Each structure stands twice: as C-alpha cells, then as structure tokens.
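Starting from the structure of chain A, add chain B where the hints point.
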Amino acid sequence: MDIPWLTLAIALPAVGALAVALVPPGCGELVKRLTLGVSLGTLLLVGSMALRFDPGSAGRLQFEEIYPWIPRFGVNIAFGVDGIALVLILMAAVLVPLVVLAAWRENEETDDSGKGYFALILALEAMMIGVFAATDVFLFYVLFEAMLIPVYFMIGRYGRGPNRRRAAIKFLLFSLFGGLLMLVAVIAVYVQGGTFLWADLVGPDGGLAGVDTTTARWLFLGFFVAFAIKAPMWPVHTWLPSAAGASRPGTAVLLVGVLDKVGTYGMLRYCLELFPEAAHWFVWPVVVLSLVSIVYGAILAIGQSDMLRLIAYTSLSHFGFITLGIFAMTSQSQAGATLYMVNHGFATGALFLIAGFLIARQGSAAIADYGGVQRLAPKLAGVFLVAGLAGLALPGLAPFVSEFLVFVGTYAFHPVPAIIATVGVVLAALYILWMYQRTMTGPVREELTGLRDLTGREAWAVGPLIALILLFGVQPQPLLDVINPAVEQTMHQIDATDPEPAVDPADQSASGQEGASE
Amino acid sequence: MIPLTDSVPAAAIASPVITEEPPSIDYAVLSPMLVVFAAGVVAVLIEAFAPAARRHSIQLGLALASVLGAFVLTVLQVGAMPDAEAGMAPEEVAGVTTAMNSVAIDRPTLFLQGTILVLSFISLLLVAERRSGESAFAAQAATVPGSEEERSHVLAGSRHTEVYPLVLFALLGMLLFPAANDFLTMFVALEVMSLPLYLLCGLARRRRLFSQEAAVKYFLLGAFSSAFFLFGIALVYGYAGSVNFADIHEAIETGGSTLFVGGTATPLLLVGIAMIAVGLLFKVGAVPFHNWKPDVYQGAPTPITALMASGVLVAAFGAMLRVFLMAFGAAVADWRPMLWVVAILTMVLAAVVAVTQRDIKRLLAYSSVVHAGFVLTAVVAATPEGLAGALFYLAAYGFTTIGAFAVITLVRTHENGPEAADISQWAGLGRTSPLLAGALALFLLAFAGIPLTSGFIGKFAVFQAAVAAGATPLVVVGVLASAVTAFFYVRIIVLMYFAEPEGAGPSVIRAGTLTGSVIGLGVAATLLLGVYPTPVLDTLLPQPVEAALEPGMATEDGFTR
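Residue numbers (UniProt numbering), protein chains in the order written: chain A, 1 to 518; chain B, 1 to 561.
Read the hints as simulated data drawn from the structure, not as lab findings. The structure displayed is predicted, hence computed values, not measured ones. Using N, Cα and C, we set each Cβ at its ideal position, and we do this for glycine too. Please note: incorrect hints may appear among the correct ones.
Output of the computed footprint for chain A on chain B, the stretches with three or more beta carbons under 8 angstroms from beta carbons of chain A [claimed, not checked]:
id, region
1, 468-475
2, 481-488
Here are a few chain A residues that sit away from chain B, every Cβ distance over 10 angstroms (derived from the structure) [claimed, not checked]:
id, residue
3, Arg105
4, Leu181
5, Val416
6, Glu488
Restraint ranges, calculated between C-beta atoms of paired labels, are given here [unchecked claim]:
id, chain 1, residue 1, chain 2, residue 2, range
7, B, Val341, A, Gly203, 54 to 60 angstroms
8, A, Arg166, B, Ala38, 54 to 60 angstroms
9, A, Asn163, B, Arg358, 57 to 63 angstroms
10, A, Tyr67, B, Ile25, 44 to 50 angstroms
11, B, Thr356, A, Asn163, 19 to 25 angstroms
12, B, Thr356, A, Arg105, 54 to 60 angstroms
13, A, Ala429, B, Arg358, 50 to 56 angstroms
14, A, Gly47, B, Arg358, 34 to 40 angstroms
15, B, Thr413, A, Gly47, 36 to 42 angstroms
So here's chain A without its partners, still in its complex pose (with noise of 0.2 angstroms):
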C-alpha cells in the first residue's frame, strides 16, 4: 500500500503533456505515439489501483495521500478515493485512450501537428483524475478551475467552425462565474469549518456541523449553482451544445464525458455531505429542475439539424436523470446515478467518436448531409445503432440498469417526479431513432458515395466502448459493488433513509420482527 498510485496517475499523464509540449516540432507521429502510450500507461496504472480497491474496507477513503501544500490557509495536497470516486477515474482513464485514437488523423491540417491538442488532452486527463481523487476542498476548486483552460484551448484554437470562437468565450465565462460563486463558499467552508479536508469537514463531528441552518443554505447555493453550471442543468445549459457543436468529437466525449461528470459528482460529494440539512431542503426546487432538463433536452435534442449538438441536448436530458438520483436520496436512485455517470460516458463517448467518424469522412455535422449511410458502410451503421439504442437505454444495454434503478429509486421517494420522468425514456427513443433513420436508412445521398467503411483503427477505438455498454449490460454487478459502499456511506452522512416499502399488512406480518418493532 505503499506506492502513492493516485500521484502516480496523476503526474504520468502531467508529465506526458510536458514531453509532448517540448517535441521538436515536425515529429507528428512520436507525438501521436507517445499521447496514445502515456494514455494507455495511466490506464493501466488506474486499472491495477482499482484491482487494490477494497470494496468492503470500513474506511470512506482509501489510497489516501495527503502533503501540505499551503499551510497558512490550511491547504493540503490531499489524495483518495471511495467507490464513486474510482469508477469516474477508471471511466475517465479508458475514454482518453480511445479518443486519441479516434483523433489520430484529424491533426494533419493543424499548424503544429497536432501537438498542442495532445499535450492539452494529457494534461486535461491528470485534471479530470486530480479532481475525482482530491480530498482537500481547495485542491478540488483548483482543479475544478484549471480544468477550464486546457478545454478552452481545445475548443477555441482546435474546435471546428465559426463559432468555436464564441462557444469557447461562452464555455469559460459560464463555468468561471460559477466558480468564482463557489471560491466565496470555498472561503466560508474554511472560515466555519477551519479546515479543507473533506474527511475533516463532513459527519456529526466535522467542522462544519455548527453551521447555522441559514449559512448552510447559502453555502450550499454557492457549490450548487457552480456544479449545475457544470453538469449542466437547465436553465444554466446553454454553453453546453455551443460548446459540443464547436468541438472536435474527441473534445466533445471529454467534456460532455467526463469533465461534465464532475458537476454531478460535486453534487454528490459537497453539496450533499458537506450540508446535509441544506440539502435537504433544497430536495424539491432541484428534483424540479432536473425533471424540466430531462423533458426540456430531449425535446429540443428532436428539433437539432446537427449531430454534435444532438447529442450535447440529450446529454443535459440524461443529467437530468443523474441529478435526480442524486437528490431522490434512496439508495437504488444514487447507485443509480453514479453508474449512470459511468455508463452516460461510454454510450455518449461512442455516440460522439462515431459521429466524428461521419464529420471526419464528409467534413459535415449537419444530419441533413447525410442518409442511406448503412448501405455503404454497414459496420460503421451498426455500432452507431447500438451507441444509439444504449442512450436511449434499452434494456441488455448498460444505460438501462441505471436508468432503472434511477426510477425505483425516484418512485420510492415520491411516484409524481418518476412518473414525469418517464416523459423523458420516450422522447428519448424519438431523437435517437429518428436521426438514425434520417442519417443510416433510406436513400444513398448521391455525394455520399464512396463512404468508407470503419477503418481498423476506428473499430479499436470505438470498439471497446461498445463492448463495455454490452458488459456492463448484462453484468453491472462489479461495479455496482464498488459503487454500493460509498453509497451508503453517503447516505449515512446525509441521514437519508430509505422509505420503507409500502406493503400490505398480511405480508407485512408474515415477515415477522422488523414490521413489528416499526
């Protein structure tokens, strides 16, 4: 237990980013070589962490790591991870190969090779696994924070279009002016609390258990609204589909993949153990607003003539259902949501590495380019079409036991929201299978001749995504055990409870000790 294994993953792919920065310019292909092996590195070194996990441990926390930083304001460079924590760095860890892959050929045209946009893609991957692992409430907002620029540059320098100038402009004042609003609740954390440890800070004894009811609420406003930002919820979306439509596919899976996940994860790790109470009262104005982003984004996902914008709509639908697990607070809704965040990442990450593969064979995005796809390239059609199926959570796909127990979860808190929950499930079949049909079905567009095929190195690339939503279909149970512990801790934290099950008095007498001491 010795090796520091969250330092390591976050400082190989850290180091990666400097190596690729200072390739003398002209090696196009050892950059591209040395991105995909750092990347394929930090999987490995993330994977075997996660084989040291031990999910029935009594800690919250383990792998941890903790280094004074700034000892004046009480900052510590502090690392670890419980269940949630680790599978958004193993999904995270998995994506960022996959996408360099898928971006190999898509540099040629770009001044410097592609350089830059590897090195930021690396250095975004030790972000995305530094702010899943930190355990220190300033480190996490720092990162929160840094993350935005690499992203910034890969919209605005790397993006594609018009617009990227404007969606990257937008993307960062968005998410800055949340952030600032939760440096202000950052600072009061450490005013009211005395530390920035996480571990310090929450429970009945943490240091921020005397906070008076009032402050709490606005402490929790001020994470919240940043995270919402984040994930994003409506009516704080809108940077959202400028910012995918602008990006590369491959930005596009990292920020609506993992960088998004963050919001939702915040909510899960601050907003609602930090202040408990707050969080509570504030159950109701969020189930509402996760309920108007799920029917809100998957009807606006039909009306959009662009793909990338398509599914950046059915993401904020999708992170609807996330944030309602989340603030359901049953156990089933919240294993629900993190696995959702987990699944959400690969059926959506392949959704838009396939569309890349599309905009990079006809240099268009429009849904209106193309049609008849499936004749000429059949394979490529298929994987669409699974991608497809699992983001609108078909049950044998991964999405749909999230999305499941997201709804038992939600019933058991209260049947209305659920009930209008399900708008979202139908509205969901329409936009995916309507632009499958209108893009793969009908009548070869006749510019579209001479479509290729998936190439060999497209398949690796979207392949195991795909073989993952099947995996993990069928047999989520893995990480359902890692996710399950932390979940009840996190319930504990909160005191949640689930609502006893509503059972008719014959059963309830036939199952003897527990209904009677009720």
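Positioned in the frame of chain A, the structure of chain B alone reads:
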C-alpha cells in the same frame, strides 16, 4: 483657530518636545533608503560631469547597483528581525522606530520595501532597453513635438539619462512612503515619490502630446489630492495634537487630545480621515479618484507605466494599510463603511468600464483599478490576515503587471512602428510569436485569478480575510467583478490565439536580453507564487498572532508603534 485657554498646557501642541539632545538615528535600519538617496544624488552629479557618451552606462550601472545594494541591506534586516516565538509580546517582534519615531521599520515595511526594490530593479531593466538605437524616452523632452529642433535631437541621438536619477528619487519616495510613521514624513515621502513621476510621465518618445497631456493631468490632479491629504493631516493634528501614528491611535482610543474636553473634536477626526483617505485613494487609483489612471498609463512611456503600476501601487497601498490599520485602527467603525462603498464602486465601475476599452494600456489601467478594489477588501477586513493578504496580493500583482507591460513594449503595429495600442492589432500574435503570446496569456490568466497562478492565491488571501472579518457581501461583489474582468482578459487571449491577423499581423521586436529577462522573471514569479506560495507567506509576512484578537478590531496589526 480656537484660541487656547490658559488651562491647556502649551506642551500639548508643542509635541514632540524639543530637547538639547540631537535625535537618535539608527542609520542601519535606514540604510536601504540612504543608499538609494545617495545614488540619486551622485547620479545628478554624473549628469553634470560625466562625458555624454558614457553617461548612460554609468547611470544604469549605478542605478542597478544601488537598488541591488539596497535590496541586500533589506534582506539583511529581515534576517536580523527576531523570530516570533511563543511567549513573546507582539511589541518585541514588531520592529523598531527611528529618527524620533518618524520612520518605522517592521515586517510589513521590510516586505514592502523588498518588493518595491525588486519591482524597481525589473522596471529599470525595461527603462534601459534600447532597440535599434531607440529607447522609450524622448530624445529631448524640452523640444516642441514635431519641431525641427526635435528632429535634430533625434538625429543627433540625444538621450535623457536624467531618467535614472529621477527613478532613483521616486524610488526613495516609494521606500519611505510605507515606512513613514508620522503624517509629515508620509507627506514628504508622497511628494518625493510623485514629483519625479510627473516628469517621467511626460518623456515618451512617441505620441509625445499624449505623454505631455498625461504628465500635466497627473500633476494637476496629484497636486490637488496632495492638498486634500495635507488638509486632512492638519485636521487630524487638531484632533490628536500630534502627527505621529502611535499618538493618533492613542488619542482616538482615549477620545481626543487634551485640547478638547469630552471628545467634542470627533468631527475634526472624521473629516480628517476622509481627506487623508482622498489623498491615499487617489494614489492607489480607487473609484471615484481613478480618472487619472487610464490617461497616465496610456500616455506615459511604457517602462514608467510598468513602474507606476507595480512599485507605486505597492508603496501607496503600504502607506494606506499603515494609516488605516495603525493610526486610525481604533476608529475602524468610522472608516469601514466608507471603504466598503469605495471598494464596491471601484470593483464594479472599473470592471464595467474596462469592458469597453480598446487600448491595451488603458485596459490594463482599468484592470489595475479593479485590482485596487480587490486589495481594498483586505483593507476593509482590518485584520492581520487582511494585511498579509494585501501584501501578498500586491507583490503577486506587481510582478505580473510588469511582465505584461514588458510584453507591450515589444509588440508594434509594424516594423519600427509605435507600440500596438489597439487590441485589434494584437490579432494572431499566438501564431507569429507563440512564446510571447503564451507569456501574456499567463499574465492575463493571473489577472483573472485562475488557479495555479499567483493571482489566484492573492485573490484567495484577500477574500479569505474579508470573509473572516464578516465582509462576505463585499467578496460576492468582488467575485462578480472578477467574472466581468475575466471577459476582457479572455477576449485578448481569443484575439491572440483564435483570430486571423489583419494583414501581416503585429510586428514583434525580438526581445532584447533586458526585456526578455523581465518577461522571464514575471512568468517565473507568477507561476511560483501560484504553485508554491508558502515560503513567501510564511517567512516574509508577519504570522498572525492568534491570541488577543477581537474580531474586527485592528489591535494587533503587525505594525510597530
């Protein structure tokens, strides 16, 4: 004046009592200032006696050596400071006063002086830079712009080596300003600092009319604010019977001097505080006394702008902190609401106006006003943490801003053209000179307070102090203003990196050794203070004394008395 009655002892106004003994002066603690002063005087003699051809190199060598020497002496004094240990009274570790209590050398002073010396050293490197035989300063400032006489001076290669003694005298003022322990010394320091700057502002080589306008404006407004400051001193003297900060502090605690029975002189104190505040707020450039800043920053030669935006700002805030936390520390309830209003106005108005700016130097001037507002939140906190936060912020901002102005000196509209003033002329810089654009992007991100830069740690320090002192609404305004300022910093980055250049794009002068090292130092300081600020925070700033601190009261402020 109110006629004095017999019952009032005459000694009350004749303080301090004139004795036969000469005042004891601790030359050792004053040595950094003496070195700079002596170098300034010698530099004037060099102007008179050294041959013109060698004047520049002698002047530059002397100036750099004296600043370096003064810095070494300052560091030695930091080493001689007793360490704060448990059981020691705050007075024992605070520092010393000398020259009849008129100068206080304590930890804040030494930190400020050290910072000012380093920043001035860096600015001097910028001042000295010459490219293709052309410096940033006018060949002969006395000639009429555009005249035949000016042309002949340019052709003859005349140079203003007087710049160096002027900078040294201004530096002397900057060093004394935050160290002054009574109002008269502070006023003298203020004038010694300002007068050379008025002159230096008017010496720009290009756009000389702009430059002269800036100098006149700065001079008139500066003189006006000095008058306010002086009148304020007179009123406070009327209240406290002394100009010494420790005496004023005591007088406020005991309810006015013996001149007035029963504290009826409070109006004198309040009006006095307000007028002194006008003088100090003018120097730091807080709204509504900020109007000079954009004009002066734009018109002055860029190396001088760098000096003003860094060293002068640090000195002015140092003096302000000492006056408000120490002299007026006991009247914190009286001045805090005023500074609340000023801080909010400063942050909001300057941030909003900055959005509309097109000229890069004006934009940085407004940005400097916004930053002054951020530091004011720490002044409002009036705690040791606030003091420490403000000092750190000033140092961090100083390095970043000099670096930014150094970049500005290099980017020209075209070959041998003037500096590229309009930000649209900066389009595409990221493609043509990635290193230079990268450095400026880093400085701008630091201004915006993005983590892992010094700007973030500084902002965190001042905001944390303000929240701890109960000024949370002020901090919320502060972060909202930060979000607005981020917009225009980011806009410049967008222009540099994401926009296609207009025509051939900006022409960049190859950075000479001097400017190059200035930018390098700025980058290094911005990153180091952002990633690992602990050494600066721990060793140079006074550790807050945990005990005996009533919330909101500036009793133990880290200043010596």
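A quick look at each hint next to the structure:
1. 468-475: holds (count 3)
2. 481-488: Held - the region 481-488 of chain B has 4 residues with a Cβ nearer than 8 angstroms to chain A, which meets the minimum of three.
3. Arg105: holds (23 angstroms)
4. Leu181: violated (6 angstroms)
5. Val416: With a cut-off of 10 angstroms, Val416(A) remains clear of chain B, as the shortest Cβ separation is near 35 angstroms.
6. Glu488: For Glu488(A), whose nearest Cβ neighbour in chain B is about 33 angstroms away, the distance exceeds 10 angstroms, so it holds.
7. Val341(B) <-> Gly203(A): 54 to 60 angstroms: violated (41 angstroms)
8. Arg166(A) <-> Ala38(B): 54 to 60 angstroms: holds (57 angstroms)
9. Asn163(A) <-> Arg358(B): 57 to 63 angstroms: violated (23 angstroms)
10. Tyr67(A) <-> Ile25(B): 44 to 50 angstroms: At 48 angstroms between Cβs, range holds.
11. Thr356(B) <-> Asn163(A): 19 to 25 angstroms: Once the Cβ atoms are compared, 24 angstroms apart, the range 19 to 25 angstroms for Asn163(A) and Thr356(B) holds.
12. Thr356(B) <-> Arg105(A): 54 to 60 angstroms: violated (44 angstroms)
13. Ala429(A) <-> Arg358(B): 50 to 56 angstroms: Distance hint for Ala429(A), Arg358(B) holds at roughly 52 angstroms.
14. Gly47(A) <-> Arg358(B): 34 to 40 angstroms: 53 angstroms Cβ-Cβ, so the 34 to 40 angstroms window is violated.
15. Thr413(B) <-> Gly47(A): 36 to 42 angstroms: violated (55 angstroms)
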